[in-house]
Structure formats: structure tokens, C-alpha cells
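Participant: Sequence order for the protein chains is A and B. So the first sequence is numbered by numbering that gives the first Met the number 0: it starts at 0 and just counts up by one. So the second sequence is numbered by numbering that gives the first Met the number 0: it starts at 0 and just counts up by one.
Hints in this document: simulated from the structure, not taken from any laboratory. Because the structure is a prediction, the values reported are computed rather than measured. From the three backbone atoms N, C-alpha and C, an ideal C-beta is built for every residue, glycine too. Check each hint, because a few of them may be wrong.
[Claimed, not checked] Here are the computed distance ranges between Cβ atoms for each label pair:
id : chain 1 : residue 1 : chain 2 : residue 2 : range
1  : B       : R14       : A       : E106      : 24 to 30 Å
2  : B       : E65       : A       : R64       : 40 to 46 Å
3  : A       : E204      : B       : E136      : 42 to 48 Å
4  : A       : G119      : B       : L195      : 30 to 36 Å
5  : A       : H231      : B       : P20       : 20 to 26 Å
6  : A       : T1        : B       : P20       : 50 to 56 Å
7  : A       : E73       : B       : D72       : 46 to 52 Å
8  : B       : E47       : A       : G183      : 54 to 60 Å
9  : B       : M161      : A       : Q226      : 44 to 50 Å
10 : A       : Q226      : B       : S78       : 42 to 48 Å
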Amino acid sequence: MTLYRDEGIVLRTQKLGEADRIVTVLTRRTGRIRAAAKGVRKTKSRFGARLEPFTHVDLQLYERRSLDLITQAETLRPYGERLVTDYPRYTAGTAMLETAERLTAEEGEPALRQFLLLLGGLRTLAERDHDPRLVLDAFLLRSLSVAGWAPALDECCRCGTRGGLRGFAIAAGGAVCANCRQPGAATPAPPTFALMLALLRGDWEYADGSEARYRAECSGLVAAYLQWHLEHGIRSLRHVERGPDDAGDPAGTAADDEPITRETV
Amino acid sequence: MYEGVVQNLIDELGRLPGVGPKSAQRIAFHLLAADPADVERLTKALKEVKDKVRFCRTCGNVAEEEECRICRDARRDPSVICVVEESKDVVAIEKTREFRGRYHVLGGAISPIEGVGPEDLRIRELMQRLADGTITELILATDPNLEGEATATYLARLVKPMGLTVTRLASGLPVGGDLEYADEVTLGRAFEGRRLLDV
Ligand SMILES: [Zn+2]
Ligand SMILES: [Zn+2]
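Throw the hints in and build the complete structure from the sequences for me.
Facilitator: Now the structure itself:
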């Protein structure tokens with residue numbers, strides 16, 4: 000019998016039989032794995048919240064021919080508790096988990112950069128210093144980049160020109176100049192390009208100071224670009240919500256009381 | 000693969016929740032070997048449940064008439080509604096004998112990753128029930144796991160402008176678990192010690 004340890008972030012849980020769950024975890028060393036947790040849905044379960052989505056957890060697993068079995072779980076950081084009391088943050092976080100799952104296509108293939116990106120993204124989201132939508136878009140842009148699909152943002156993706164960027168051509172790979180722009184390509188405002196670049200590079204000072212309309216345009220483009228690269232799209236993106244937000248919202252987007260469902264273009 | 004009708008049965012059984020291909024096969028062969036009278040009773044029960052049982056037009060609980068037994072019972076307190084995910088949670092709470100109000104069954108929990116959003120649950124119906132001002136307290140008894148908590152957060156925020164008392168079952172319930180597995184004493188205590196939810 001082989002036991003092994005790894006730490007990871009719980010991405011998803013599914014009911015299995017009467018009281019068990021299949022838990023999908025993005026681990027530091029083994030990449031994305033699926034493992035069985037026995038009796039977790041029962042009152043006296045010793046796992047409790049430790050195997051809920053968003054939890055950064057230290058695991059001991061028992062290797063089996065089919066699904067590995069979780070024999071121990073210790074919470075390192077319970078991000079779910081912090082996110083679940085704030086609906087816009089919770090929905091943004093859910094889209095991050097789903098994207099991480101989809102971008103680690105092969106089970107058991109190490110994906111350290113994706114793991115670290117998700118860990119950092121959830122921490123930032125839980126700290127509540129920035130608009131959750133900006134945190135999500137930063138995570139999506141960087142995840143795409145780790146997957147080798149970084150969109151061109153400061154040069155034309157067709158001819159390499161660095162000035163006069165006019166359009167955003169999803170299929171061509173990002174920003175295009177006036178000469179290369181074909182009819183039908185989106186024409187984002189220049190500050191939207193700047194915002195996307197700031198998010199990709201981690202320039203939070205710029206991002207936090209951006210205006211609501213550029214944030215909305217940025218989210219639309221990032222979502223469309225992501226959906227183009229992932230065959231079946233990210234289901235939870237449709238449910239990501241912009242809501243009243245107390246921190247990190249100097250541009251005043253929080254003026255909206257009505258929840259707005261994010262357009263996926 | 001088996002011959003037509005047998006494979007058909009296996010396929011149908013395999014579509015039931017929690018029944019994998021192996022179990023489906025085992026149940027199918029059990030039925031093939033069973034006494035015809037036993038199978039007849041099962042067939043009748045299946046047919047009756049679809050013919051007779053429907054969902055209460057007020058609360059969404061399973062009912063044998065337009066309205067369920069609880070909604071028709073005049074002795075139940077009309078000012079308190081307990082919101083649960085499934086009908087089986089109503090059964091679990093009724094067993095505690097701790098609650099004398101009425102229910103609202105959502106039909107699940109918000110789960111963006113499974114594609115279930117607020118609009119897929121009976122939330123619009125809940126808002127309609129709250130509109131006439133009879134109801135003063137809303138108890139959110141969704142499952143004590145992440146999706147249940149997120150659903151409670153969403154509902155608390157949604158009804159906030161209405162000025163109701165919104166409460167959540169107290170801790171002590173198994174975090175990460177299903178409400179239906181909580182024992183009666185624990186669930187009863189969670190009811191008694193419910194806390195105000197402020198979002
Ligand atoms: Zn060009
Ligand atoms: Zn009813």
C-alpha cells in the first residue's frame with residue numbers, strides 16, 4: 000500500500016454514493032487529481048470543511064488503481080469561509096476554480112505555475128483589497144499566459160507594430176493595428192488595453208484607479224478570449240456578478256445596487 | 000452489452016442518481032430473478048408517484064394535492080418561513096418538532112460551477128411570497144456546506160431591503176455535510192440557537 004502527501008486547493012466536489020464525495024484538487028506536486036473522501040457528508044465526519052472548494056489543504060492519500068483515497072486532510076488556509084459571505088467574490092472565485100480545472104487538462108500532470116497562480120489569486124480575492132472582477136480578470140489573463148495563450152496587448156499580433164493599436168481580434172491572438180484590423184474585430188478604448196496590460200503585469204495601482212467602463216470592457220474581452228481558447232467555455236463565468244463592494248473600488252462602480260450579470264460577449 | 004430490453008433497463012437504471020453502471024447491472028439482474036408480484040408492486044409505486052405526487056404550488060414541497068400538508072395546516076405560523084434546498088430537508092426538520100412555521104423549497108443550491116444560478120431555483124416564487132408583508136422572519140436552512148452558505152448569502156442580500164429578520168441555523172451542524180444527515184437533537188439545537196444574518 001502506497002501513501003503519499005501533497006498540498007493542494009480543492010477545486011470541486013461531487014457526491015458519490017450515499018455519503019461520500021469525489022474531490023478534485025489542484026496539487027502542488029501532482030497537478031490536478033481526483034480522489035475519494037469517505038463519509039464526508041455525514042454528521043460525524045472528521046474531514047468537515049477541510050474538503051470544501053477553495054480550501055488550501057494538506058493531504059495524505061492512499062494510492063489505488065482507480066480513485067485514490069484521502070486518508071488525512073489538514074486545512075492550511077480556509078479561503079472558502081472568507082469568500083462565501085460576499086457573493087460577488089464567491090462567484091469570481093468559482094470562475095477561477097473552474098478555469099484552473101479546465102486549464103489543467105491532464106490528470107496527474109504537474110502544473111506548479113497554475114497552482115501558484117490560483118493560490119495567489121484566491122489570497123488576493125479573500126483579502127478584499129481590490130474589486131473582485133479585477134482580481135478575476137488578472138487571474139484569467141495570467142492563466143492564459145501560463146497555458147501559452149497570452150493575448151498580444153502592447154503590439155499588433157499580426158505585424159508586431161507597437162503603436163496605433165486599434166482593434167482586438169480574438170481569433171488572431173489579441174491587439175491589432177489599424178492596418179491589420181479586419182471588419183468585425185472589437186475596437187476597445189486605449190485605456191482598456193492599458194488596464195489589461197496592468198492586470199497581466201500586476202500593476203494594481205493602475206488597475207485600482209481605472210474607470211468602471213474600461214473594467215467592463217476588459218472583462219468582456221477577457222471572457223471572450225478565454226471562451227475562444229476553451230472548447231466548452233467556463234460555465235460559472237455567466238454567474239459572476241458585480242455587486243456593492245466596500246473596498247478597492249475608488250471608481251465608484253459600487254453605486255449599482257442591482258446585481259449585474261457579466262456579459263460574456 | 001445485453002440484448003435489447005435488458006440493456007434498456009440497465010441504461011434507465013444507470014441514469015438514476017448514485018447508480019453506476021455496475022450497480023445498474025446488479026439491480027437489473029435482481030429484478031429479472033425477482034418474484035413477478037414484487038416487480039409489479041415496484042412498477043405500481045413508480046407509476047403512482049408520477050401520477051399523484053406533485054409539487055406544492057406555494058412552497059415547492061412534494062404534495063398530493065395543489066398545496067402540501069404543511070401549507071394547508073392553519074395551525075402553522077404564517078409569519079415564519081424556513082428556506083431549505085430539498086423536500087427531504089423538510090422531513091429532517093419536521094422530525095425535530097422544533098419548527099412551527101412554514102417552508103420554502105428552493106429545489107437545490109446555487110452552484111455556478113455546475114451551471115446552476117439563482118434563476119434556476121425557486122427564488123422568484125419566494126420573493127412573491129414575501130411581497131404581501133405577512134412574513135416577518137426568514138430562516139435560511141440551506142445545507143451547511145459552501146454552496147448552501149453561498150445560497151444563504153445571496154438570499155440574505157436579496158431580501159435585505161425588505162427589512163425582515165433573516166436568520167441562519169447555528170453552528171454545531173456538520174460543516175461540509177448534508178442537512179439530511181444531521182441528527183434530530185443537533186438540528187433541533189441549531190434551530191433554537193439560530194443567529195441573525197447581517198450582510
Ligand atoms: Zn498590424
Ligand atoms: Zn407547501
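Participant: If a hint holds in the structure, say so; if it does not, say that too.
Facilitator: How the hints compare with the structure:
| no. | hint | in the structure |
| --- | --- | --- |
| 1 | B:R14 - A:E106: 24 to 30 Å | 25 Å, holds |
| 2 | B:E65 - A:R64: 40 to 46 Å | 52 Å, violated |
| 3 | A:E204 - B:E136: 42 to 48 Å | 46 Å, holds |
| 4 | A:G119 - B:L195: 30 to 36 Å | 35 Å, holds |
| 5 | A:H231 - B:P20: 20 to 26 Å | 24 Å, holds |
| 6 | A:T1 - B:P20: 50 to 56 Å | 27 Å, violated |
| 7 | A:E73 - B:D72: 46 to 52 Å | 47 Å, holds |
| 8 | B:E47 - A:G183: 54 to 60 Å | 57 Å, holds |
| 9 | B:M161 - A:Q226: 44 to 50 Å | 37 Å, violated |
| 10 | A:Q226 - B:S78: 42 to 48 Å | 46 Å, holds |
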